[in-house]
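When you get a sec, could you build the whole thing from the sequences and use the hints?
Number of protein chains: 2
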Amino acid sequence: MEPFEIQILGCGSAKPSTRHNTSSQLVDLRSKLFMIDCGEGTQLQMARYHASYARLNHIFISHLHGDHCFGLIGLISTLGMLGRGHAHSLHIHALPELETLLRPQIDYFCHEMPYEVVFHPFSYDHAEVIYDDRSVTVSTVPLNHRIPCCGFVFREKEGARHIRRDMIDAYEVPISQIGLIKNGADFVTPEGDVIANERLTMPPTPPRSYAYLCDTAPSVSVIPLIEGVDVLYHDATFATTEEGRAQATFHSTSAQAAAIASAARVGKLVLGHYSSRYDDERPLLDEALAVFPNTVLAREGMKIEVNKNCE
Amino acid sequence: MEPFEIQILGCGSAKPSTRHNTSSQLVDLRSKLFMIDCGEGTQLQMARYHASYARLNHIFISHLHGDHCFGLIGLISTLGMLGRGHAHSLHIHALPELETLLRPQIDYFCHEMPYEVVFHPFSYDHAEVIYDDRSVTVSTVPLNHRIPCCGFVFREKEGARHIRRDMIDAYEVPISQIGLIKNGADFVTPEGDVIANERLTMPPTPPRSYAYLCDTAPSVSVIPLIEGVDVLYHDATFATTEEGRAQATFHSTSAQAAAIASAARVGKLVLGHYSSRYDDERPLLDEALAVFPNTVLAREGMKIEVNKNCE
Numbered sequence: 001m002e003p004f005e006i007q008i009l010g011c012g013s014a015k016p017s018t019r020h021n022t023s024s025q026l027v028d029l030r031s032k033l034f035m036i037d038c039g040e041g042t043q044l045q046m047a048r049y050h051a052s053y054a055r056l057n058h059i060f061i062s063h064l065h066g067d068h069c070f071g072l073i074g075l076i077s078t079l080g081m082l083g084r085g086h087a088h089s090l091h092i093h094a095l096p097e098l099e100t101l102l103r104p105q106i107d108y109f110c111h112e113m114p115y116e117v118v119f120h121p122f123s124y125d126h127a128e129v130i131y132d133d134r135s136v137t138v139s140t141v142p143l144n145h146r147i148p149c150c151g152f153v154f155r156e157k158e159g160a161r162h163i164r165r166d167m168i169d170a171y172e173v174p175i176s177q178i179g180l181i182k183n184g185a186d187f188v189t190p191e192g193d194v195i196a197n198e199r200l201t202m203p204p205t206p207p208r209s210y211a212y213l214c215d216t217a218p219s220v221s222v223i224p225l226i227e228g229v230d231v232l233y234h235d236a237t238f239a240t241t242e243e244g245r246a247q248a249t250f251h252s253t254s255a256q257a258a259a260i261a262s263a264a265r266v267g268k269l270v271l272g273h274y275s276s277r278y279d280d281e282r283p284l285l286d287e288a289l290a291v292f293p294n295t296v297l298a299r300e301g302m303k304i305e306v307n308k309n310c311e
Numbered sequence: 312m313e314p315f316e317i318q319i320l321g322c323g324s325a326k327p328s329t330r331h332n333t334s335s336q337l338v339d340l341r342s343k344l345f346m347i348d349c350g351e352g353t354q355l356q357m358a359r360y361h362a363s364y365a366r367l368n369h370i371f372i373s374h375l376h377g378d379h380c381f382g383l384i385g386l387i388s389t390l391g392m393l394g395r396g397h398a399h400s401l402h403i404h405a406l407p408e409l410e411t412l413l414r415p416q417i418d419y420f421c422h423e424m425p426y427e428v429v430f431h432p433f434s435y436d437h438a439e440v441i442y443d444d445r446s447v448t449v450s451t452v453p454l455n456h457r458i459p460c461c462g463f464v465f466r467e468k469e470g471a472r473h474i475r476r477d478m479i480d481a482y483e484v485p486i487s488q489i490g491l492i493k494n495g496a497d498f499v500t501p502e503g504d505v506i507a508n509e510r511l512t513m514p515p516t517p518p519r520s521y522a523y524l525c526d527t528a529p530s531v532s533v534i535p536l537i538e539g540v541d542v543l544y545h546d547a548t549f550a551t552t553e554e555g556r557a558q559a560t561f562h563s564t565s566a567q568a569a570a571i572a573s574a575a576r577v578g579k580l581v582l583g584h585y586s587s588r589y590d591d592e593r594p595l596l597d598e599a600l601a602v603f604p605n606t607v608l609a610r611e612g613m614k615i616e617v618n619k620n621c622e
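Top line first, the protein sequences correspond to chains G and B. Just so we're aligned: 202 in my numbering is position 202 of the first sequence, and the numbers increase by one with no gaps anywhere. Just so we're aligned: 384 in my numbering is position 73 of the second sequence, and the numbers increase by one with no gaps anywhere.
Derived by calculation from the structure, the hints in this document are not laboratory data. These numbers come from a predicted model, not from an experiment. Please note: incorrect hints may appear among the correct ones.
Every beta carbon over 10 angstroms from chain G, so not counted as near; a handful from chain B, in silico [as the list claims (entries may be wrong)]:
1. Tyr442
2. Lys468
3. Asp480
4. Lys493
5. Thr551
Residues of chain B placed beyond 10 angstroms of chain G at every Cβ, according to the derived structure [claimed, not checked]:
6. Ser342
7. Glu427
8. Tyr435
9. Glu469
10. Arg476
11. Gly495
12. Ala496
13. Gly612
Capping the alpha-carbon separation at 25 angstroms, the derived lysine to any residue pairs in SDA-like fashion look like this [claimed, not checked]:
14. G/Lys15 x B/Ser328
15. G/Lys15 x B/His399
16. G/Lys32 x G/Gly228
17. G/Lys15 x B/Arg359
18. G/Lys15 x B/Glu427
19. G/Lys32 x G/Pro206
20. G/Lys32 x G/Pro114
Ideal placement from N, C-alpha and C gives every residue a C-beta, glycine not left out.
Put into structure tokens, the structure is as follows:
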């Protein structure tokens, strides 16, 4: 199966901490690399974990708090220094204000840069598909934060059917027909017999999906938009003892994140965006596990495979 | 003696590296904390080395390449989150374009911030005193880089004379007179005898000085401006094998840095701003040592005491 993997580059919240970096992660999906959020120091985290600068073409920014976007200008500048060519644009999907804020800095600091930065604005008040290619769509999920903020859902498209090697051999299907059969065609033997596609193939792998919901107060309106995703990364800034603070700052407790995961029947929950007050996130995990058993703590460098049996 | 200490927060050059952070350092001088340059991730380096956010009031930016200033917006934002009050302005000394570039971001990302950021522009075409208080002056040193760029010299002011405890006791000088005597006054005994100040005191500690010259091609015009400083931090981006590249990019080799240190008769040379091509800076050190023996390699976290016998 082609890879669909998340790598955490930063899972702390805004205040500086030596335990965690600010928000950023990579989505590696069928040889394409996407980034979600880009806090300060993200380019260094990429270097630390040997992530590919060359494969990164699309960055999705959830909202315009600094801990989710202050690393962009450094990353953009570095991509230029690393020799990214003029045919290799970088696409940034964000609320429209980001271009207004960042373009003057790009023009000043990166005026000799050979490649182009293209901004793709989206609106935060309704869910929409903001990226679509032959293998994946990315949709927004409006969240409930202090400022306009969206989550993202990455949904793999259904692939071709799987060839049954044994049947192909048995019917002596020529190689030239394989592509057609993968796409659903029947096979006609030289004798004129029609072999139904269902005998020659098995159904395609069910498409996989990943949702990133950070930063947000717990919001039931997200549930239909993320229903059944294989992996959910959710704001878990606080423990239940700080539920009042979570509410005041439009963040979630880990138990609230788990309740959303449970209601949306996701496969696996990844907790993140930890407040810097925690020297140990184990209590956050324990509170979530009591509500939703398949929960893990994000940590920097961690890779999470997205699949149908996210154990 | 009151402390005068440099701490390196980053001594790499622009390309990302897991060996070094981009440029920033702290100057801790008689209880005041100054920052020079502020590359991406500087606020995190401060957290790592337990530097005081509260004592930092003045930041000096040498030039507007990203690896010297991309960390400012994150640091400014964090100081606000840490509760810096409205009576506690942050002063940034830089070329005038920095305010144009940074003010819109401060207004957008930090609009709830309780304290003020005050920019103090300086010009790069002549040396000038840009900061002056009762204990220190900071002067600019125009450098020879691809874009306008200045170094900085921190010069301690001459302090008060040192009281000779034995003589104060012998003449039974009352405490009320001590301050005047430290500042040079003679003492008149109750009998009307005049005791010359020189008998009661010893000369003040010679003032100490520190020069930061980064980024620059080797430039003889700096020599009179840094003559005799106790510690010099100098651009040493390359080894001699890369002298052509150093010239093309307006940087220095470590041997060129050492030649400047020698010509300016400084006390100690600190090499920094290493190219990311070096996995080991020992060859840079060796080439400098052959020219100027009292040379050290900067590394992150290192503290360098500035004194008259910089061994």
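Each hint tested on the structure:
no., hint, verdict
1, Tyr442, "holds (25 angstroms)"
2, Lys468, "holds (34 angstroms)"
3, Asp480, "holds (51 angstroms)"
4, Lys493, "holds (42 angstroms)"
5, Thr551, "holds (23 angstroms)"
6, Ser342, "holds (23 angstroms)"
7, Glu427, "holds (18 angstroms)"
8, Tyr435, "holds (16 angstroms)"
9, Glu469, "holds (38 angstroms)"
10, Arg476, "holds (45 angstroms)"
11, Gly495, "holds (46 angstroms)"
12, Ala496, "holds (49 angstroms)"
13, Gly612, "holds (12 angstroms)"
14, G/Lys15 x B/Ser328, "holds (24 angstroms)"
15, G/Lys15 x B/His399, "holds (19 angstroms)"
16, G/Lys32 x G/Gly228, "holds (23 angstroms)"
17, G/Lys15 x B/Arg359, "holds (13 angstroms)"
18, G/Lys15 x B/Glu427, "holds (19 angstroms)"
19, G/Lys32 x G/Pro206, "holds (19 angstroms)"
20, G/Lys32 x G/Pro114, "holds (22 angstroms)"
In the structure shown, no violation is registered for any of the earlier numbered hints.
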